[in-house]
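A.B. asks: Line order of the protein sequences matches chains C and E.
Every letter in the first sequence is one number past the one before it in the numbering used here, and letter 222, counting from 1, is 222.
Every letter in the second sequence is one number past the one before it in the numbering used here, and letter 23, counting from 1, is 1023.
Mixed in with the good hints there might be a few duds.
Stated by the list, open to error - Across the chosen pairs, the derived CB separations fall in these ranges:
hint, chain 1, residue 1, chain 2, residue 2, range
1, C, Ala246, E, Arg1092, 58 to 64 Å
2, C, Arg256, E, Gln1131, 51 to 57 Å
3, E, Pro1153, C, Ala246, 43 to 49 Å
4, C, His176, E, Asp1143, 46 to 52 Å
5, E, Asp1242, C, Ala279, 47 to 53 Å
6, E, Gly1133, C, Pro206, 33 to 39 Å
7, C, Leu58, E, Gln1273, 28 to 34 Å
8, C, Arg173, E, Gln1273, 49 to 55 Å
9, E, Gly1133, C, Arg256, 54 to 60 Å
10, C, Ala272, E, Asp1143, 43 to 49 Å
Said to hold, decoys possible - Pulled from the structure, derived: some chain E residues nowhere near chain C, Cβ distances all over 12 Å:
hint, residue
11, Arg1005
12, Asn1007
13, Pro1030
14, Thr1043
15, Leu1058
16, Ser1081
17, Ala1111
18, Gly1128
19, Arg1157
20, Arg1231
21, Asn1237
22, Ala1272
Stated by the list, open to error - Which residues of chain E face chain C? A partial, calculated answer using Cβ under 8 Å:
hint, residue
23, Gly1129
24, Gln1131
25, Ala1135
26, Arg1188
27, Asn1202
28, Gly1215
29, Arg1251
For the record, the hints were derived by calculation from the structure and aren't laboratory data.
The beta-carbon is built from N, C-alpha and C at its ideal position, and this holds for glycine as well.
2 protein chains.
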Amino acid sequence: MENKRFNDIAIVGVGLLGGSLGLAVKAVNPSVRIVGVGHRLSTLNEALAVGAVDEVSLDPPQAVRNASLVVLCTPVGRFPSLLKSIAPALKRGAVVTDVGSTKVAAVRAAARYLDDRVAFVGSHPIAGGEQRGIAFARTDLYDGRTCVLTPTPATPRAAVRRVDGFWRELGMRTVHLSPAVHDRVLARISHLPHALAALLVNVQNPADLDLAGAGFIDSTRIAGGDPAMWRDIFLTNRASIDQALAAFQRRLVRLRQSLGQGDGRALEKTFAQAQALRAKLLEKRLRTKRVEG
Amino acid sequence: MENKRFNDIAIVGVGLLGGSLGLAVKAVNPSVRIVGVGHRLSTLNEALAVGAVDEVSLDPPQAVRNASLVVLCTPVGRFPSLLKSIAPALKRGAVVTDVGSTKVAAVRAAARYLDDRVAFVGSHPIAGGEQRGIAFARTDLYDGRTCVLTPTPATPRAAVRRVDGFWRELGMRTVHLSPAVHDRVLARISHLPHALAALLVNVQNPADLDLAGAGFIDSTRIAGGDPAMWRDIFLTNRASIDQALAAFQRRLVRLRQSLGQGDGRALEKTFAQAQALRAKLLEKRLRTKRVEG
């Protein structure tokens, strides 16, 4: 069975992720009709000007009425109110997805506000970075990256297939995980790094930053991310992030013990393990030509 | 008073730092005579082949006999035995410096093994990265970066001036700090980030690394560094690094408290503070054209 393409798409939130999504969809399939939805006309007009959307709207329920696919590209904290407001306006058979970094809360909000006439398929394209806004949008943001889909047993299979095909058509590799597993894994590999980067910046004496080398600059790049977006991510994934922070803290305490004992072998082992794991990761990336730069 | 240039230089250790140093010195002043010292002939021959040194030696005391400047470019753990072995061979008026990442131990070893006929001036050029070996050596490694000099009240002023001029001639900005202050500042801004990056890699489930995004890759770049070099750095700066780790741990615990309480304002404040501090740092780098990439 051929998957039906989505021909009318509403993108809610046209910043870096939403704007890049519009550009990517248009590049693959110029005949798709895209409505960009937002709350600032200047942003919407910029999205229109760069060709990321065909029309714009300040009114979510109005904008999604004809959409066969609605993609939520706002911070995850806004999902519940958005879903509630668009639910009555969605047409029968519409599919709703998102690009949020946490999935349990998103799937729960969808289950609460959407009815059986429509399907929600959680998506997390692992792309973006610390930049923000339509000005940074680019056609290839998603190309070659990984998208995690988080269907539940209740999610209609056909909708999952269509959303999967949607991301793959943009050049993404897709992986399916349950919302809970997604949130647990991402807590360690994405949310924990952000917490560490932010604390690493904050613990510095500002006057000493003159002596920061390239290592510090790279290590803290993600701390440049939007604070409100990260607040939402942390608030919607509290338990898993706390587990990740606790696991990290245990390793920190063990490292301090090795240091206190002057245990050079233990220190070297810790550093060598990290070096080897990271080399393996990079090698695998190169092999599969999916280096994320 | 004009500072006297060094015309005979011995570089002990011709890896990334030593090799790049030879290339940079040669680029500025081709008539300088450089001896490269090491314990592996293949590395020494490679340094010779790329033009980083004019001659090579496997015998440190022999190699430094005619040097007006000796630069130690080995891991800092080897400084005591090296200084002890070359001390009797150094000529009167010779200056010894280094490129080590910790300075209290280096200065202490120099005070122990070198006599008054020669001068030791601790240097820490903040350059390098996680790459290793002569194969990565490049002429511009030091250009535009900062070099911290760590003279003590006992260090002859003339030698400090000459070493300062040496680094500035390679395009470096120089800063003078006491060895203790250097080690305390670098513990937070350089050694702490390495510890965090290594632990961040090690805390992951290897199977989950497939879902690592660009943020994780950047955050852990420095974890690719040489484990033995980092072991030496940690062993020679134990107290300051433990203080840095402890300060970080306190912030980690506070973040976990905010998370546990679902305190969105506190979380956002933490992330916003980091974002603002980092933006200020990058802006300053751009303004002074010293972006370290």
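A.B. asks: Taking the hints in turn, state whether each one holds.
C.D. replies: Structure-based check of all given hints:
Evaluation of the 58 to 64 Å hint for Ala246 (chain C) and Arg1092 (chain E) yields a pass: the beta carbon distance comes to about 60 Å. Between Arg256 (chain C) and Gln1131 (chain E) the CB atoms are about 28 Å apart, so this pair departs from the stated range of 51 to 57 Å. Here the CB-CB span from Pro1153 (chain E) to Ala246 (chain C) is close to 47 Å, well matched to the stated 43 to 49 Å. About 49 Å separates the C-beta atoms of His176 (chain C) and Asp1143 (chain E), a value consistent with the hinted range of 46 to 52 Å.
For Asp1242 (chain E) paired with Ala279 (chain C), a C-beta distance near 28 Å fails the hint of 47 to 53 Å. Look at Gly1133 (chain E) against Pro206 (chain C): about 35 Å separates their beta carbons, and that is inside 33 to 39 Å. In this structure the hint that Leu58 (chain C) and Gln1273 (chain E) lie 28 to 34 Å apart at CB holds, the actual value being about 33 Å. The hinted window of 49 to 55 Å between Arg173 (chain C) and Gln1273 (chain E) is violated, with their beta carbons roughly 36 Å apart.
A hinted range of 54 to 60 Å is violated for the C-beta pair Gly1133 (chain E) and Arg256 (chain C), which are about 31 Å apart. Between Ala272 (chain C) and Asp1143 (chain E) the C-beta distance comes to about 31 Å, which lies outside the given range of 43 to 49 Å. Distance check on Arg1005 (chain E): its Cβ is at least 27 Å (rounded) from any Cβ of chain C, clearing the 12 Å threshold; non-interface status holds. With a least CB separation of 30 Å from chain C, Asn1007 (chain E) remains clear of the 12 Å interface cut-off, as annotated.
With a closest Cβ-Cβ approach of about 28 Å to chain C, Pro1030 (chain E) is found to remain outside the 12 Å limit, as its non-interface label requires. Distance check on Thr1043 (chain E): its Cβ is at least 20 Å (rounded) from any Cβ of chain C, clearing the 12 Å threshold; non-interface status holds. The claim that Leu1058 (chain E) is not at the interface with chain C holds, since no C-beta of that chain comes within 12 Å of its own (minimum 26 Å). Chain C leaves Ser1081 (chain E) outside its interface by the beta-carbon criterion, the shortest separation being 15 Å against a cut-off of 12 Å.
Every Cβ of chain C is farther than 12 Å from the Cβ of Ala1111 (chain E); the closest lies at roughly 21 Å, confirming the non-interface assignment. With a least CB separation of 8 Å from chain C, Gly1128 (chain E) falls inside the 12 Å interface cut-off, contrary to its annotation. Distance check on Arg1157 (chain E): its Cβ is at least 23 Å (rounded) from any Cβ of chain C, clearing the 12 Å threshold; non-interface status holds. A Cβ of chain C approaches the Cβ of Arg1231 (chain E) within 12 Å, the least distance being about 4 Å, so the stated non-interface status is violated.
At roughly 9 Å from the closest C-beta of chain C, the C-beta of Asn1237 (chain E) falls inside 12 Å, breaking its exclusion from the interface. Ala1272 (chain E), annotated as away from the interface, has a beta carbon of chain C within 12 Å; the closest lies near 4 Å. At a threshold of 8 Å, the smallest CB-CB gap from Gly1129 (chain E) to chain C is about 6 Å, leaving the interface hint in force. The restraint placing Gln1131 (chain E) at the interface with chain C is violated, with a minimum CB-CB distance near 11 Å, outside the 8 Å limit.
Because the smallest distance between the Cβ of Ala1135 (chain E) and any Cβ of chain C comes to about 16 Å, over 8 Å, the interface hint for this residue is violated. Given hint, Arg1188 (chain E) at the interface with chain C, holds; its Cβ is 6 Å from that chain's nearest Cβ, closer than 8 Å. The restraint placing Asn1202 (chain E) at the interface with chain C holds, with a minimum CB-CB distance near 5 Å, inside the 8 Å limit. The beta carbon of Gly1215 (chain E) is positioned within 8 Å of a beta carbon in chain C (closest approach about 4 Å), and the interface hint is therefore held.
Checking Arg1251 (chain E) against chain C by beta carbon gives a least distance of about 5 Å; that is within 8 Å, so the hint holds.
The earlier numbered hints that this structure contradicts are 2, 5, 8, 9, 10, 18, 20, 21, 22, 24, 25.
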